[in-house]
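In numbering that gives the first Met the number 0, the protein residues as written are 0 to 212.
Accuracy of the hints is not assured; some may be wrong.
As the list claims (entries may be wrong) - Pairwise CB distance ranges (calculated):
#1 Glu146 x Lys2: 17 to 25 Å
#2 Glu124 x Glu167: 16 to 24 Å
#3 Ser31 x Lys148: 40 to 48 Å
Hints are computed from structural coordinates only; laboratory data are not their basis. Just so you know, even glycine gets a beta-carbon here, dropped at the ideal spot from N, CA and C.
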Amino acid sequence: MDKLNYLDIKDIFAKIKDIMAENKNLLFKLDSAMGDGDLGLTMNNGFNRIYEAISTLNEEKIGKIIIQAGMILEDSVPSTIGTLVATGFIRAGKIVKDKTEIDLSDLVMMMSFFVEGIRRRGKAELGDKTIIDSLYPAYLALKLASEDKKNLKEAFKNAYQSAKQGVEDAKKMVSKHGRAAWYKEKSRGKEDPGAVAGMLMVKAFYEYLKEKY
């Protein structure tokens with residue numbers, strides 16, 4: 000399988016919705032340790048709203064679907080991470096514009112703009128113990144897979160493994176943003192909830208490709 004169409008994109012958002020629901024309590028627990036405790040609810044509600052809207056959306060252009068997802072997320076979950084992920088979706092959607100099919104090279108570019116959108120909006124860098132610390136390694140894995148001519152399933156398997164490693168690596172870091180930054184050295188050794196949420200989004204892509212192809 001070399002390309003995704005608009006139906007695949009809708010189904011991937013459904014998979015993200017399901018995975019966020021399955022992990023709602025985990026995200027709540029992680030976020031309660033160093034944050035507001037609302038991350039599980041934010042991700043669950045946000046992706047539910049996205050799926051409700053795009054599942055019946057009469058649109059075949061992938062970029063427009065993803066931009067719409069970002070706009071819905073920004074409107075429905077007024078939280079820091081909701082705004083950041085929404086920005087990422089909007090920037091990624093603009094890259095593919097009116098395409099009705101996308102391949103791995105498109106997804107690499109989209110991931111690049113997705114991560115960069117979050118980084119700029121949140122003013123976070125790799126190593127700051129944020130969602131970037133799982134998403135950026137996933138992007139690098141996708142880029143390498145594209146250069147090595149891997150198929151989509153192999154590429155996202157590697158991306159998912161890299162995102163999981165990013166979550167583990169982030170445990171050793173000290174939080175520098177948001178409420179978690181108040182804990183300073185006490186944040187070291189704990190999983191970052193944002194990094195976990197980022198990893199779960201990558202997992203959804205991989206699980207969809209693994210199940211369907």
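Hint numbers not upheld by this structure, sorted from lowest to highest: Those not satisfied: there are none.
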